[in-house]
Amino acid sequence: MKKYWSIFQITLINSLAYPGELVGRSLMIIPFMWIFYQLWKVTFSAAGADAGAISGLTLRDTLWYLMLAETIELGRPPIARTMSENVKDGSIAYILNKPYDFLLYQFSTAMGETIFRAMLNAVFGGLTVWWLVGMPNHPEGFLIALPAILGAWVLHFCINAMIGLSAFVVEDVSAFTWIYQKLAFIFGGMLIPLDFYPQWLQTLAKFLPFSSAIYGPSRLFVTPTAEFFINVMSLQLAWIFALTILLTVVYRRGLTQLTVNGG
Amino acid sequence: MADNMKELKFLIAIWTTNLQSAMEYRAAFLTQVIGMMANNFIYFAIWIIFFDRFKDVRGWGVNDMYVTFGVLASAFGLVSLLFGNAFTLSDIIAKGRLDYYLSLPRPVLLHTIASRTIASGMGDFIYGFISYGLSGYFTWDGLARYVLATLLAATVFASFLILTQSLAFWFGMMTNFSSLALNAMLTFGIYPITLFDSYAKLILFTLIPAALMGAVPAEFIRAFSWESLGQLLLGAIGFLTLAIFIFNRGLRRYESGSAIQIEV
Chain A
1 MKKYWSIFQI
11 TLINSLAYPG
21 ELVGRSLMII
31 PFMWIFYQLW
41 KVTFSAAGAD
51 AGAISGLTLR
61 DTLWYLMLAE
71 TIELGRPPIA
81 RTMSENVKDG
91 SIAYILNKPY
101 DFLLYQFSTA
111 MGETIFRAML
121 NAVFGGLTVW
131 WLVGMPNHPE
141 GFLIALPAIL
151 GAWVLHFCIN
161 AMIGLSAFVV
171 EDVSAFTWIY
181 QKLAFIFGGM
191 LIPLDFYPQW
201 LQTLAKFLPF
211 SSAIYGPSRL
221 FVTPTAEFFI
231 NVMSLQLAWI
241 FALTILLTVV
251 YRRGLTQLTV
261 NGG
Chain B
264 MADNMKELKF
274 LIAIWTTNLQ
284 SAMEYRAAFL
294 TQVIGMMANN
304 FIYFAIWIIF
314 FDRFKDVRGW
324 GVNDMYVTFG
334 VLASAFGLVS
344 LLFGNAFTLS
354 DIIAKGRLDY
364 YLSLPRPVLL
374 HTIASRTIAS
384 GMGDFIYGFI
394 SYGLSGYFTW
404 DGLARYVLAT
414 LLAATVFASF
424 LILTQSLAFW
434 FGMMTNFSSL
444 ALNAMLTFGI
454 YPITLFDSYA
464 KLILFTLIPA
474 ALMGAVPAEF
484 IRAFSWESLG
494 QLLLGAIGFL
504 TLAIFIFNRG
514 LRRYESGSAI
524 QIEV
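Protein chains in written order, with the numbering used here: chain A, 1 to 263; chain B, 264 to 527.
Source of the hints: derived by calculation from the structure; they are not laboratory data. Every residue, glycine too, gets a C-beta built ideally from N, C-alpha and C. Don't take every hint at face value.
Claimed, not checked - These stretches of chain A come out as covered by chain B in the derived footprint (C-beta under 8 Å, 3 or more residues): (1) 27-34; (2) 40-52; (3) 182-194; (4) 244-250.
Stated by the list, open to error - Far from chain A by the CB rule (all over 12 Å, computed), these chain B residues: (5) A276; (6) N446; (7) E490; (8) Q494; (9) N511.
Please build the complete structure, drawing on both the sequences and the hints.
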């Protein structure tokens with residue numbers, strides 16, 4: 001595992017090589033949070049809940065929920081696209097014959113790229129939301145949600161790596177990544193908390209892996225109870241276990257389909 | 264007049280070549296087109312869920328969203344299809360890749376931005392019409408207004424891209440700023456304009472002219488008014504003139520990297 005830790009550290013340090021790029025990319029969360037504030041302020045007001053709650057969430061909870069959801073989403077690197085590029089330009093040949101496991105290598109680099117990117121998104125997004133609606137009701141919720149945030153990135157990695165592996169067969173995976181992202185938007189509750197959905201859709205969405213990757217950690221942040229923590233973590237671990245096995249199987253099958261271009 | 268016809272023929276020749284080139288990989292082309300349409304359908308479902316629960320946002324309902332999202336998608340798709348390099352103009356400038364276009368006897372800006380087709384744009388373009396068809400506002404004269412509004416919104420959008428990306432002549436690589444500007448334009452364009460106060464609206468008509476890509480064209484499509492048509496025409500002509508002016512001013516500062524490049 002030492003070599004994967006080293007790969008993680010190298011990527012982490014590399015991600016700091018262009019601080020301007022890192023900061024510039026993270027600024028995107030500011031207009032997003034501002035527009036969410038406008039939308040939800042009007043919506044809460046129209047629902048007669050200016051100071052009250054809709055489905056258990058106040059305006060302040062909703063904004064902090066959305067901040068963490070955006071941080072998770074904007075923080076994750078485009079693994080599927082990177083893997084697809086590796087297949088298209090032939091560099092996959094040089095990655096596959098190195099003395100490390102391909103998937104663990106990709107995971108280490110993905111996590112290395114994620115940490116600072118997510119931290120800066122959380123800082124800019126957090127400052128914007130703080131300015132707009134005040135501090136979160138449960139600041140300690142961030143620490144309680146931290147394991148679920150890490151689990152969310154593992155889940156995102158498993159799904160994105162599977163999409164990336166499909167490049168072994170179809171080469172260009174952009175259409176799959178768009179659709180995955182939008183499914184995560186809907187079933188993960190990225191733009192609207194799942195609590196505001198109709199009951200049947202809530203039940204369906206809360207069972208799917210997308211909610212473990214976005215809704216679970218974000219809701220845990222604003223409602224950090226022991227019971228909810230156990231619910232979120234147990235469902236998330238079950239999905240991580242299932243998707244890791246699936247990813248390993250897909251990878252082994254994918255290797256037999258791979259055609260290397262040039263190199 | 265003869266010059267304009269010559270440039271139009273040239274543009275049509277480029278677009279035909281681009282389309283043939285994209286169609287060469289038919290499966291990839293179709294995947295991108297269908298994938299983008301599915302992507303838009305799924306994204307729009309979020310707004311259906313939102314309006315199902317909250318009904319309207321200061322008088323703005325789901326039907327208005329269908330029209331706004333539709334015209335924005337069609338305008339975005341049209342620019343992607345016909346002027347795909349407008350999205351990466353800052354990279355082309357900063358990496359010295361304008362050399363190729365400067366060495367040919369054609370208008371540099373037009374030739375550069377028209378030299379690439381983004382296949383997924385076809386999906387956006389078609390999806391926009393479907394979205395309008397589903398809005399409940401469909402009429403035949405409305406469809407004619409939809410086409411005109413799409414052309415004008417696409418002009419504003421392409422001009423905005425040229426403007427922001429031409430800043431690379433002065434500031435060099437600015438991929439982050441470009442994508443920030445693009446995302447801001449699309450995000451603010453999709454959301455109901457009734458959300459914003461008068462200061463924010465002023466920004467959405469000037470600095471980030473998202474209102475001229477979403478809300479105003481949608482208003483014009485729903486019902487003809489000289490006011491919305493005037494805003495669209497003024498916006499399209501004004502931003503296009505400004506974009507061409509800024510690009511040409513920047514071009515004077517352009518320094519070739521003398522790199523050997525092959526444009527394919």
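Hint by hint, here is what the structure shows:
no., hint, in the structure
1, 27-34, "holds (count 4)"
2, 40-52, "holds (count 4)"
3, 182-194, "holds (count 6)"
4, 244-250, "violated (count 0)"
5, A276, "27 Å, holds"
6, N446, "6 Å, violated"
7, E490, "24 Å, holds"
8, Q494, "22 Å, holds"
9, N511, "27 Å, holds"
Hints 4, 6, counting from the list given before, are not met by this structure.
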